[in-house]
Each structure stands twice: as structure tokens, then as C-alpha cells.
Amino acid sequence: MTDVLTRAAPPAPASQARLHSPMALRLRLRRVAGAPGRIWIVGAALTALLVAIPALALVREAARGSAGLWPHLLAHVIPDAALQTAILLTGVGVMVTVLGCVTAWLVTAHEFPGRRIFEWALLLPLATPTYIVAYAYLDLLHPLGAVQGSIRWLLGYASPRDFRLPDIRSMTGCIILLGFVLYPYVYLTTRAMFLTQAANLVEASRTLGTRRGQVFWRVALPLARPAIAVGVSLALMETLNDIGASEFLGVNTLTISIYTTWVTRSDLAGAAQIALVMLAFVLVLVMAERHARRRQRYWTSPQRARSLAPGRLGTGAGLAAAAFCALPVVVGFLAPASYLAAEAWKRFRFAGLSANILTEAVTTVALAAVATLATLALGLVVASAARAAPGRLTALLQRLSTIGYAMPGTVVAIGVLVPLAALDRWIDQSAQTWLGVATGLALIGSGAALCYAYTVRFLAIPTGSVDAGFSRIPRSLDHAARSLGENVTGVFRRVHLPLSTGALASAGLLVFVDCMKELPATLLLRPLNMETLATHLYGEAARGSYEDAALAALLIVLVGMAPVIVLARIGRRQPE
Amino acid sequence: MKKSVSIRSVLLGGVMLLGGVAGAMAAEVNIYTTREPGLIKPLLEAFTASTGVKVNTVFLKDGLAERVASEGASSPADILMTVDAGRLADLAQKGLTQPVKSAVLDAAVPAALRDPDNNWFAFSARGRVLYAAKDLDLKAIRYEDLADPKWKGKICIRSGQHPYNTALFAAYMAHHGPEATKTWLTGLRNNLARKAGGGDREVAKDILGGVCEIGIGNSYYVGLMRSGKGGPDQKTWGEAIKVILPTFENGGTQVNVSGAALARHAPNKEAAIRLMEYLVSDDAQKIYAEANFEYPVKAGAKLDPIVATFGELKIDPIPLTEVVKRRKQASQMAEEIGFDK
Chain A
68 MTDVLTRAAP PAPASQARLH SPMALRLRLR RVAGAPGRIW IVGAALTALL
118 VAIPALALVR EAARGSAGLW PHLLAHVIPD AALQTAILLT GVGVMVTVLG
168 CVTAWLVTAH EFPGRRIFEW ALLLPLATPT YIVAYAYLDL LHPLGAVQGS
218 IRWLLGYASP RDFRLPDIRS MTGCIILLGF VLYPYVYLTT RAMFLTQAAN
268 LVEASRTLGT RRGQVFWRVA LPLARPAIAV GVSLALMETL NDIGASEFLG
318 VNTLTISIYT TWVTRSDLAG AAQIALVMLA FVLVLVMAER HARRRQRYWT
368 SPQRARSLAP GRLGTGAGLA AAAFCALPVV VGFLAPASYL AAEAWKRFRF
418 AGLSANILTE AVTTVALAAV ATLATLALGL VVASAARAAP GRLTALLQRL
468 STIGYAMPGT VVAIGVLVPL AALDRWIDQS AQTWLGVATG LALIGSGAAL
518 CYAYTVRFLA IPTGSVDAGF SRIPRSLDHA ARSLGENVTG VFRRVHLPLS
568 TGALASAGLL VFVDCMKELP ATLLLRPLNM ETLATHLYGE AARGSYEDAA
618 LAALLIVLVG MAPVIVLARI GRRQPE
Chain B
-19 MKKSVSIRSV LLGGVMLLGG VAGAMAAEVN IYTTREPGLI KPLLEAFTAS
31 TGVKVNTVFL KDGLAERVAS EGASSPADIL MTVDAGRLAD LAQKGLTQPV
81 KSAVLDAAVP AALRDPDNNW FAFSARGRVL YAAKDLDLKA IRYEDLADPK
131 WKGKICIRSG QHPYNTALFA AYMAHHGPEA TKTWLTGLRN NLARKAGGGD
181 REVAKDILGG VCEIGIGNSY YVGLMRSGKG GPDQKTWGEA IKVILPTFEN
231 GGTQVNVSGA ALARHAPNKE AAIRLMEYLV SDDAQKIYAE ANFEYPVKAG
281 AKLDPIVATF GELKIDPIPL TEVVKRRKQA SQMAEEIGFD K
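Top to bottom, those sequences are chains A and B.
FYI, the numbering for the first sequence is 68 to 643, going by this note's numbering.
FYI, the numbering for the second sequence is -19 to 321, going by this note's numbering.
It is worth saying that the hints were derived from the structure and are not from the lab.
Be aware that one or more of the hints could be misleading.
[As the list claims (entries may be wrong)] The calculated lysine to aspartate or glutamate pairs, modelled on DMTMM-like cross-linking and capped at a C-alpha distance of 20 Å, are:
(1) B:Lys41 with A:Asp334
(2) B:Lys209 with A:Asp206
(3) B:Lys321 with A:Asp147
(4) B:Lys294 with B:Asp284
(5) B:Lys134 with A:Asp229
(6) B:Lys134 with A:Asp234
(7) B:Lys305 with A:Asp334
(8) B:Lys132 with A:Asp229
For reference, chain A alone in the conformation it holds in the complex:
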């Protein structure tokens, strides 16, 4: 199985730190194949295959050809869309890096008023889907909205025709908005790094004469680079694949072009082609980043890892730090959430409670929970394979299992729909032929297809974070356990699993929140009569009446908040 896979697979990227000759690789494989770790590799290969199926389905769609599309695209669409996408990604990248790193450093290395609250509150924007935030701001900052209304009142203008602020429906507006909503990805990963790694080295650097102010630039930041890279790439992929917010704010990204090609011109083949080109582009970027880091080694010694003792800031500096941390929490969460709460209250008084909203909330949580468990299990398998048999093969499998995150949700949804519906048809026909029973759509009809889509889309999250969690467990523990008679599975169950519950739980919560917010796949793949909070919200939004959906939006935010707060508490206890 493994041999077949390596031969069929394209040459692995030279991103893994250690390079092997093909001969050595084959030898290793043979050894691995005979070793008890084989079961993990087979599992990881199957997982990678599960994720690759939708991508392969897209390749098949793309191969149908789209006559004359590319000349048009290259002449009129791609140059501008690529430029817009590049500007958006750069802008959001800078924003999330600055906001994420600085806030993470402030709350881990300093003591200032409100620090304990900011520690978790800084994660709250994760709970709000970007499309909801975009809508909230569009309304708040509209000439008719509360903000401009107050300004006019203060300045004594009677009508919006006399005085208006610049429109937020612009690239700048989009960058600022997405930056304030997506920075927690960087905050989360970077803070974990600061918490576990900085202490010893920071102290060492101080004894060697680094001044306090320089520690951040010369020690903490360079050490956290892998974590920052992970966080920024998660945030950028969210940006790249965003349709809701960009569409609202009038930014025409490549993802919007895919969408237009498919929906307005019914050219699925063309859309699949653009999506694949974009996917290739993302993979090249990810590899380039890893390549740039290839010579760097990060070594931790978990036994001695201690949290950094926060240094107390003076009053002025402390207040400034508090203000800096408060800004993203207010802009990314408090303001839109308060707006939603106010709108929801208005709606509630106007129209009462929608009878189905509780059922929808339960459906949402149930779907997300099932998908999260599946995603975590598969993520564990992939990470364990990498642990049991480090090398190019497992690195490749790891990489493959994350591509769902690098594709827009709509694209993943179509990629899942085509093969799963084919499987459904086959099951149905076989059952009719051999058993005389029509099963209908076993997978799509039961919601299994939807959970599968969530898994494909979000597997990158646990794969990355469990792997990072495992990397903190010294190999000596594995050896010790093996020498005491445990087999590979036993080591996994009794050493790796208990030692990475923190990483596992935080990955699980992130996946859960993401599943809950997910919209395009949910819309396309759900069975008859099934509504979730997100689809309810969309149904109202499609009529142009977001206010009607404020309650559903608020519920998404509230249900999303609980895991986010738990996540922050886990983060605090992380150094084990």
C-alpha cells in the first residue's frame, strides 16, 4: 500500500528539513512497512485520499474544457482580480501579523490592567463569521447608520446629503475589517509559542545583555516564526476563500471570479480550472515559506519549559497596552456583537421568535460536533503517522490532508457533491438491484456528505496543531515507553494522547466554530428540510433583510463564544 502510494505520488517537496536519497527513502519505507507504525501510515494515506477525492473530482470537471474562457479571463478578469487579491492578502497579512504578535507578546510578557481578561477576550472575534461582521459594519457605518447619524447630530448637519464619511465598501474597508476579525489565528498560535518557548531563552538572552525592549525583536519574534507562519497562513486562506465579506464590500478577488464564472455563466469547468490554478498558487506559496525556513531548527525542552514571568508595566505604558489590546476586541467583536444584539432585540419585538430557531441551533451544534470528532480523529491519525515514521512520505501525506483548507468552500462543496452523489447513486442502484430496496440518497440524505465536506475543509487545523503538540513531546518518552514493552498503539494511547490533550482540544474547538460558521457547503449539501443557523441567516440575507436574521446571527456568535472562551482557558494551561 505504502509502496504503491509513494510511486504514484509526485516528487515530494523539498520542504522537509532532512533530504533523503530515493534509495534511502525506499529502504526506510521497507523498514517502516514492516514496523508496527505501518497501521498509522495506512490510516494517514487513506485520510489523504479522502481529502484528495474532492480535488480530483475538480480536476475531472476542469478537464471537460471551457472553450474560449481563458483568453477572456486573461484579458479582462485575471489581471485585476489577481492584483486585488494580492493587495487584500498583503494588507490583511500585515494587519493580522501586527495585531496578533503584539497582543500575544503584551499578554504573555507583561502585566497591565485587564491582562487576564484580554488573554481570552482577544480570541472572541473568532466567534463571528466575516460575512456577519461585514454586514454589521455596512449598516453601522452607512450614512443612515448610528455612527454617521451621531456625527451629523454633533456637527449640526440635517441630512446625509450635506455630510457623509467615505464609503467602507472599498479595499481599505475590507482589509481593515478582515484584519480585525482574523488576527486571532495569529494571536492563538503565537501566544502558545511565547508561553512554551520564550522563558528559558528570554532569560538567557537577558543574562547575555539583551535589553528588555529588544527581547521581543531579537528573541521572541524570531523564535515564534513557525507559529506566526501557521497563524498567518490560516488567516490568509480564510481571506482568500472569503466570498461573503468581499462581495459585500465590493472587492473583486479571484474567488469572486471563480464564483461568477460558475454561477453567472454556468461554466463549472472554467470555475474548476481557476480554482485549481489558485490552489497550485497557494501550495507554491506555502512551500516557499517552508523552503525559506528549511535551515532553521527549533528545539524545545519541554521538561524545563516554564511560563515567562510577566514584567509589570508602568501606569502609562500599562494603559497604552490595555488600549492596544482593547482595540481589536472592540472592533472585531464587541461593536458588531452589540449591533447584532440590538437588532435581534428589535426583531424580537417586531416579529417574535422564529419557531424553528431552537431546532436549527440543535442541528447546527450536532452537525458541527460530529464533524469535529471525525476531523480530530483523522488529524490524530495523520499526525501520529508523521510521529511514528517521520520522513518524506508522511510529510507529503500531511501536506495533502490540508489542501481542503486552501480551497474556497464553494469549490470544496462541488468537489464533495460530485463523487458522493455518484456513490449515493451506486448504493441506491445496488440496493435496488440486489435487495429490492431503494435507499435514496444515503450519504447526502443523512447529512453524512455534509460532515465529510466539513472534514475535508477543516482537517488542516487539527493536522497542524496536533503535529505541533506532538513535537513538544520528547522522543525519549517514546523510547522509554517502547523499552518498557508498549507497542506503537500503546505509546499513542498512553503517552502521546494524554500529553497532547491541550493541542487536541484547541484544534477541536477551532474546527467546531468553523463548522458552525460554514455556509457554502452547508447550503449545497444538506438534506431536505434541514436548516442550520447559518442557512437560516443566509435565507433571510438573500431577501436583503439581514435584520430578520439578526437573531440567528447572534446565536451563531453566542454558540461560537463558548468554545472560544474554553479555548483561551486551555491555552493558559498549555505549558505541560
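With chain A fixed as given, assemble chain B onto it according to the hints.
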């Protein structure tokens, strides 16, 4: 091949058997729709109340055709319901529908508003109309005038890639040909007060907010806003504007439709046709008019009073099929001239 034939015959037997069983149970009908749940729910509830047939729905955003096509013969879908003549025609063209022979439908739906082969039927129509600031001195306008530089910086409209606009541009092309359309579209684009985007209601909201003076939107949104169904905020937006029914030079107002088709593999064909026939009944057409503020397709069906104030709708004589044909070209043209930039 031979094997598949035998499978197919066994399958057919199975389906017939099951069909018989299903027929004996309470009737149901399954709808795949891209229409907003809030808009069609009143119709479906009324249907269930009057016939006892249970209706199951799934509301999709995009990918209706892909989903039905992928599900193939196993699809539970009986009725495919969507807006925009282009999308309806697409479903038929992809072989996802089947013709319906129904004297009731033939009598109620004008020939111009259904597929020549009866693969789809329109049940309601909506005009692509002009919203104008209430105090603006403007009584009538032609679509052609929207490119007039006197409107520079004064027009709001949603994305040029939205099917409602694509259909409008395609209709323009059917009237004036591609060259003139490109000039017009460029002129219209240069007149925009803000980037093309948002929804039709935002056009009304932006007019009230002073962003623009006129804009293009669908007729029924005005009814939804003004009636107060969308809440007090929207009522003020709706009341801030007046509606003018624009016409093409030597033509009428551009109209698009909402409609439905019978799915090719519909398992509950009989109930599905019954539902389609119900949708052209006087009761249902009344709901289309009163709950959704659309123009009913059936001759003699009454308009909602709010919609009636817009004046008499003179439907553009160019058939929808001619508009649908030019959809792709219109969409590409909008990209070429950077309509959304």
C-alpha cells in the same frame, strides 16, 4: 452494456414497486429551490392546507443544477424552482427536467412566459425598475437614458454579474446589438455613484442616505419595504423612493420571472404536477401578488395595491428566450468594461 440493461430493468421493477408503495402512503412532494424560504413558504403552506400533500424543501444558493445532475436517478427532487429565465432554461438545457402536459398550466401561463417545449413555466414576473429619490423631478425614463452623462455620480446598482442585471444587459443587447450595448454599459458604469454591489434594497437605502439619486432594482422589493413587512427601517427606505417603470426605446419594461420545472427523475410526478397547477390557481396567484408583491402571470389576477401604484406595466415584447441566449455575452461584456471595478 448488456449487464446495465438487465440492471436497468430490475431497477425499473424496483422503482415501480416502490412507487406503488409510496403512492399508497401519504403523498409528498420534494422541492429543490433557490427561492428564499420566506417568499415561498406561504405558498407551500397554503398548498398543504388545501390538498394535504406534505412539501419538503431544500433551499440552495447556487449549484441547483449540479446537485440534481449529480444525484441523477436517485434524486428525490420533484420540482426545481428558481428565479431568472436563464437559470430555468439552463436546467432544461442540461436535461434535468421533463415536459409537463397540463391543460391547466397551458391555459394559465402565457406562451411567452414558458418554455416552448413546456420544460419550465413562469408563475410570477417582476420588473427591473427605476428607484428615484422622492423629490426628484422625473416622470419617465428609458433604459437608454441611464448612460446619459447628466446622471454622472448619481446612480446606484448591484453587481453587474448578478443574474438580474445580466438579464437586463442581455435584453438591451437583444434590442440594440452588442456594440451599442457596450457603449451604453460603459456610460452607465461611469455614472455610478458607488461601486456596483450590495442588493436591490441597498439601492433604496443609499438613495435615502444621499449616496445616489436614482437606481435600478426589482419591483417587488419596493412592496416588501413599503408594506412594512421588513420592519420599520425598511419602510422608511421604501417611502424615500418613488418607482418609475422604465422602457426600452420602442419596447417595454424589462421583466424577469420566477418559475419551476418538473425534475426529470421526479419520484412523485403526480403530486408535483398538482403543486405546479396549484401555483397558477387564483389563490396562489393572489399570494404571489400580495405576499411577495410580484406580478402574477395569470391573466386577470389582481395586483397588490402598492404595486398597482407603479403604473401600468408594459412588458417588453422581446421574448425571454432571446434574452437568455445573450446572457453569457452580457456577463462577459460587463467584465470587459469593468462594470464592478
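Going down the list of hints, with the structure as the test:
1. The suggested pairing of B:Lys41 with A:Asp334 holds, with an alpha-carbon distance near 16 Å, which does not exceed 20 Å.
2. At most 20 Å may separate the alpha-carbon atoms for a hinted pair to count; B:Lys209 and A:Asp206 meet this at roughly 19 Å.
3. The hinted pair formed by B:Lys321 and A:Asp147 meets the criterion: a straight-line CA distance of about 9 Å does not exceed 20 Å.
4. Distance hint between B:Lys294 and B:Asp284 is fulfilled; the C-alpha atoms sit about 17 Å from each other, no more than 20 Å.
5. Of the supplied pair hints, the one linking B:Lys134 and A:Asp229 holds, its CA atoms being roughly 15 Å apart against a limit of 20 Å.
6. Only pairs whose Cα atoms come within 20 Å are accepted, and B:Lys134 paired with A:Asp234 is accepted, the gap being roughly 15 Å.
7. For the suggested pair B:Lys305 and A:Asp334, the alpha carbons sit about 15 Å apart, so the restraint of at most 20 Å is met.
8. A threshold of 20 Å between alpha carbons decides the hint, and for B:Lys132 with A:Asp229 the separation of about 18 Å falls inside it, so the pair holds.
Going down the numbered hints, you'll see the structure goes against none, and every one checks out.
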